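**Q** Here's the letter readout for the chains.
Number of protein chains: 2
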Amino acid sequence: MVNLSDVARKAHVSKMTVSRVINHPDQVSPELMTLVQQAIEAVGYVPNQVARALVNQRHYVIRFLLLEDVATVEPNYAKLLIRLAHNLQQKGYTLEISLDITAETQSIDGIIVSGWRQEDLLKLQTLDVPVILYGAAPPNSPLSSVDVDNQAGIEKATEYMWRQGYRDIYYIGLSLDLPFAKQREAGYRAVMAQKGGRVNVYQTENHAHLADTLLTNLMHNFELPTAIVCATDRIALGVLRAVQRVYHIPRECGVIGFDGVFIDQLTQPQLTTVRQPFALIAEKIVAQIISQIESENTLEVENTSILPDIVVRETTNL
Amino acid sequence: MVNLSDVARKAHVSKMTVSRVINHPDQVSPELMTLVQQAIEAVGYVPNQVARALVNQRHYVIRFLLLEDVATVEPNYAKLLIRLAHNLQQKGYTLEISLDITAETQSIDGIIVSGWRQEDLLKLQTLDVPVILYGAAPPNSPLSSVDVDNQAGIEKATEYMWRQGYRDIYYIGLSLDLPFAKQREAGYRAVMAQKGGRVNVYQTENHAHLADTLLTNLMHNFELPTAIVCATDRIALGVLRAVQRVYHIPRECGVIGFDGVFIDQLTQPQLTTVRQPFALIAEKIVAQIISQIESENTLEVENTSILPDIVVRETTNL
DNA sequence: TTGCACAATGTTAACGGTAACATCATCACA
DNA sequence: TGTGATGATGTTACCGTTAACATTGTGCAA
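Line order of the protein sequences matches chains B and S. Counted the way UniProt numbering counts, the first sequence spans residues 1 to 318. Counted the way UniProt numbering counts, the second sequence spans residues 1 to 318.
Just so you know, the hints here were simulated from the structure itself, not pulled from any lab data.
Which residues of chain S face chain B? A partial, calculated answer using Cβ under 7 Å:
hint	residue
1	77
2	78
3	86
4	96
5	97
6	266
Every beta carbon over 12 Å from chain S, so not counted as near; a handful from chain B, in silico:
hint	residue
7	13
8	31
9	35
10	119
11	156
12	164
13	186
14	194
15	201
16	219
17	300
Bear in mind the structure is a predicted one, so any value in this text is a computation, not a measurement. Ideal placement from N, C-alpha and C gives every residue a C-beta, glycine not left out.
Model the full assembly from the supplied sequences, consistent with the hints where possible.
**A** See below:
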């Protein structure tokens with residue numbers, strides 16, 4: 001392996017000069033600068049990150065800790081993961097994947113956590129590296145977080161349906177005791193309260209066929225045109241299937257989902273949805289964790305919500 | 001950070017003795033052994049992997065190189081990735097993600113490549129670490145590979161449909177010039193040749209709505225009961241949608257897909273499919289790459305095909 | 001008793017970098 | 001002309017670990 005000494009020998013300077021050319025270019029004279037750069041080229045030198053990590057006590061590695069149950073992993077993660085890897089790479093970091101919250105933290109600089117539950121937070125707080133949560137942290141949590149703005153997302157969706165002209169608007173939520181599920185429901189309620197529309201909230205588990213069953217019973221009460229705001233695309237898929245057996249989409253019934261990852265492109269007609277802006281989310285997560293790492297100890301908690309956009313397709317154009 | 005010296009001081013031995021307790025337990029006397037182990041416990045020592053990596057020229061890191069176009073990333077990868085991370089962790093390795101084939105290889109021990117094309121192979125061959133391809137390598141390639149047995153998978157599927165009693169069997173393939181697409185088609189042809197059935201091969205791009213359109217035109221030729229063997233679940237989704245508008249599934253038409261990741265669970269009725277055995281695939285990949293790393297230079301090319309299983313659901317029970 | 005093999009432990013140097021300090025030449029200014 | 005500030009470069013030591021070699025002590029055969 002080509003190392004600093006090889007470059008130094010080639011350029012007839014000391015190792016330190018070479019090191020400085022790389023890390024503190026302002027501290028070397030222009031002549032040596034070019035001389036050393038040529039030597040680096042000539043011998044094909046590439047800095048050894050491991051040695052660098054050892055002496056700097058920095059590793060240039062961020063861990064993505066996935067706590068979600070492996071069986072239920074959503075395709076979401078692939079998208080987020082890829083964006084994260086890409087953004088980190090640009091900043092000179094690499095992304096490592098772990099499923100184990102108890103894994104050692106001494107060869108990483110920070111952790112991005114996804115799929116966490118309330119009960120994981122205590123352990124996460126005690127770690128000795130910066131932690132960023134994907135998904136909104138509870139109030140007063142000492143951990144920073146980045147999340148899509150779930151409430152605003154459903155607000156946008158509900159308002160959009162109202163603006164399209166639908167007045168009979170249903171919300172099919174998730175029967176899950178998790179913050180994001182409640183926030184989405186709150187978004188629907190907020191808009192309906194403001195508009196003075198009738199509130200119709202139902203809940204189901206996150207399965208298309210359960211949503212299908214629910215809607216099959218529900219849709220006889222519709223006062224057309226009716227809109228159905230769904231907490232997830234998966235629910236929307238089932239809703240769509242049930243409703244289109246009886247009504248015309250979108251003339252009689254409009255449907256809008258939430259997530260915008262994969263499922264929305266599989267439906268027929270194609271689903272209008274609130275899309276999680278993974279590119280932005282990843283960007284923000286990366287910016288935040290790197291700033292925490294590089295600011296050393298000034299631990300400033302930051303909770304970011306990112307406003308999602310509506311992707312209009314074929315299920316909502318009244 | 002607690003290090004070897006701290007343990008050594010606590011146990012009143014030299015650093016080397018502590019190191020040996022960890023790496024070569026057979027070389028230390030039982031008394032010191034327990035003494036040192038207690039000291040390790042007492043001070044909470046955890047070996048520093050970075051220092052270890054530096055001196056051993058080993059990093060205990062495997063890179064997952066994803067060359068697929070980011071936009072088309074299938075949820076497949078999330079499943080595979082998680083299995084890989086899990087298996088590697090058990091062997092003391094960590095998994096890192098990269099999208100960049102040109103990234104440095106000096107702080108990793110091996111690479112697992114996914115989504116590669118023919119034109120990537122040359123560059124991959126020149127890397128100075130072991131490389132395992134996910135997806136069958138071309139004949140005589142110097143790179144090892146692990147893949148699902150695509151041909152055998154579709155053979156199984158076709159035979160299964162024949163056994164169910166369908167005699168009019170169609171194959172809807174992928175219009176892609178990639179080995180796996182050809183192998184799947186070959187599987188269908190092989191079985192039909194053997195059974196003496198009429199060969200009906202059509203191709204489409206990997207989109208549900210294109211498959212829908214294709215089938216809408218095609219299905220008037222069916223001699224019921226007809227089976228449709230699909231190259232992917234995505235195609236199967238479109239096929240199912242088109243066919244069920246006219247025929248009863250599975251009494252008049254049976255449909256079987258390939259992949260078994262995610263999509264198959266979204267259809268109504270639920271899709272019978274050939275499932276990629278990601279647990280096995282990941283296991284095999286990990287075993288293979290670690291064996292290559294640890295055997296140093298005895299570079300033995302190994303191409304493994306893993307036989308997939310059929311997951312019988314609701315679209316094939318004639 | 002002597003010497004030697006062998007097992008248990010310690011010492012040293014290295015892996016490839018960088019921070020901190022030391023050295024040296026240059027130059028401005030009193 | 002001497003002094004000290006300044007900038008460019010070199011020297012040293014260290015990050016935490018392990019391989020290789022050195023040392024020590026023990027038992028056993030000659």
